[in-house]
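**Student:** The listed protein sequences derive, respectively, from chains H and F. With our numbering, the residue at position 101 of the first sequence is 101, and numbering never jumps. With our numbering, the residue at position 27 of the second sequence is 27, and numbering never jumps.
Keep in mind the hints are simulated off the structure, nothing from the lab. Treat each hint with caution, since some may be false.
What follows is a set of in silico ranges between Cβ atoms, one per label pair, in the way DEER data are often shown [said to hold, decoys possible]:
id, chain 1, residue 1, chain 2, residue 2, range
1, H, Trp104, F, Ile45, 33 to 39 Å
2, H, Gly138, F, Trp100, 48 to 54 Å
3, F, Asp61, H, Val164, 28 to 34 Å
4, H, His154, F, Trp100, 47 to 53 Å
5, F, Trp100, H, Glu34, 41 to 47 Å
6, H, Ala72, F, Gly135, 48 to 54 Å
7, F, Leu173, H, Thr35, 25 to 31 Å
8, H, Val125, F, Asp162, 22 to 28 Å
9, H, Leu149, F, Gly170, 21 to 27 Å
Just so you know, even glycine gets a beta-carbon here, dropped at the ideal spot from N, CA and C.
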Amino acid sequence: MMLDLFWRFMVISVLAFGGGQAALPLVERMAVSETGWLSPQDFSAALAFSYVTPGPVLILATFIGYRVAGLAGAGVATLGVFLIPWALAAGAAQAIRRFTQHRWLQGFSRGAGPAIVGLLGVAAVSIAQGAFLGWAYGVIAAAALLLGLSRKVHPFFILFGGAVLGAPIGAIGQR
Amino acid sequence: MEGSGETVGQRSGVEAGQAAAGEEPRAVSLLALAWVFLKVGVTGIGDMPPLLAYIERELIDGRRVVTRKDLTDSMTYTKVLPGSTVIQIVAYLAYKLRGWPGSAIATAAYILPSAVAMAALAAGYVSTTALPAVGPALSGLTAAVVGILLATAYRLGKRNIDPKEPLTVGIALAAFLAGAFLDANAALLVVGGGFLGVLALSDQTGQGETVKEARR
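Can you build the whole structure from these sequences, using the hints too?
**Tutor:** As structure tokens, then:
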């Protein structure tokens, strides 16, 4: 299990062309749809937490690692998701600087980028299927989309707002 | 060398900024480096903007061990690399200051506070899910996540998809369809897109993006 955690997060990290945000659909696909480690709701909560805490969004890995295999799992997942990007960047400060300008790497990055955008769509659709129990949730998602596009509101507040609105909607729906 | 931590930042930062390649450590001890990035690791909520502001204040204007060019370079050279960008800016700058050990220590110090917080949240989360009131709130949260992911898709899409380059549109669409309807493996889709990119989107002139394109 430890090896699995480490390996999967490492693969995600080397495919995250476009930074931490680009890794989100890969993490969602891996942890929710491929392994079933988290439910879509757990993933959403974890994502919200990763926005509240300082530092990189991919600290999400720590949460998932902990849920899967406790404290050791948290350590392993965190190491897995940051190790190679760290080594590459430190290397870029010196030895492999020329490599980062290589046209093949740039070509790979240009092709991987759009694929990640497509996968973000998949992740959104997949999460929506489990969560949209009524039209009111669609309204929350639309509002979150608009606020997210404006960039004026920190993602944490958008997610927090969704949670606050979700509680009464759920209560009414159950009656 | 390690013991000279007390004199950190006393040396001329201008000289330090110009000492290019060499392994020669600049005027920052490993301990000081760890402390600086631990602080931003605690306070830097919201990823990139606070990190950049902090580096400017603490390392460029304060200790004067990093130049603005270093910071720009760190973003330029790590932009094409996969993985968390903030981690890579820290890794790059700390490497320039103190080589591999410095980079490892600074990056670990930067990650540590949020990792501890996330582990604590994960430990607490197990029990909260049992509360009945949490369920509907989680559904609302999940709906908001959908919106955020779509907003991220739009932003990354604007950066990565060029209508004048039909292949980028095709790759995005194909990845979406294959992922949504065929349940294709996400990692393979990204690798596939990447190889198509190598074949068809590589810069034929070999010039690539240059430093001037970096933000800030």
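**Student:** Hint by hint, say whether it matches the structure.
**Tutor:** Hint check:
Checked against the given bound of 33 to 39 Å, the beta carbons of Trp104/H and Ile45/F, roughly 37 Å apart, stay inside it. For Gly138/H paired with Trp100/F, a C-beta distance near 50 Å keeps the hint of 48 to 54 Å intact. At about 40 Å, the beta-carbon gap between Asp61/F and Val164/H misses the expected band of 28 to 34 Å. At about 34 Å, the beta-carbon gap between His154/H and Trp100/F misses the expected band of 47 to 53 Å.
In this structure the supplied range 41 to 47 Å is violated for Trp100/F paired with Glu34/H, their Cβ-Cβ distance being about 34 Å. The hinted window of 48 to 54 Å between Ala72/H and Gly135/F is violated, with their beta carbons roughly 30 Å apart. Hint check: Leu173/F to Thr35/H, Cβ distance near 26 Å, so the stated range 25 to 31 Å holds. Checked against the hint of 22 to 28 Å, the C-beta distance between Val125/H and Asp162/F comes to roughly 24 Å, which is consistent with it.
In this structure the supplied range 21 to 27 Å holds for Leu149/H paired with Gly170/F, their Cβ-Cβ distance being about 24 Å.
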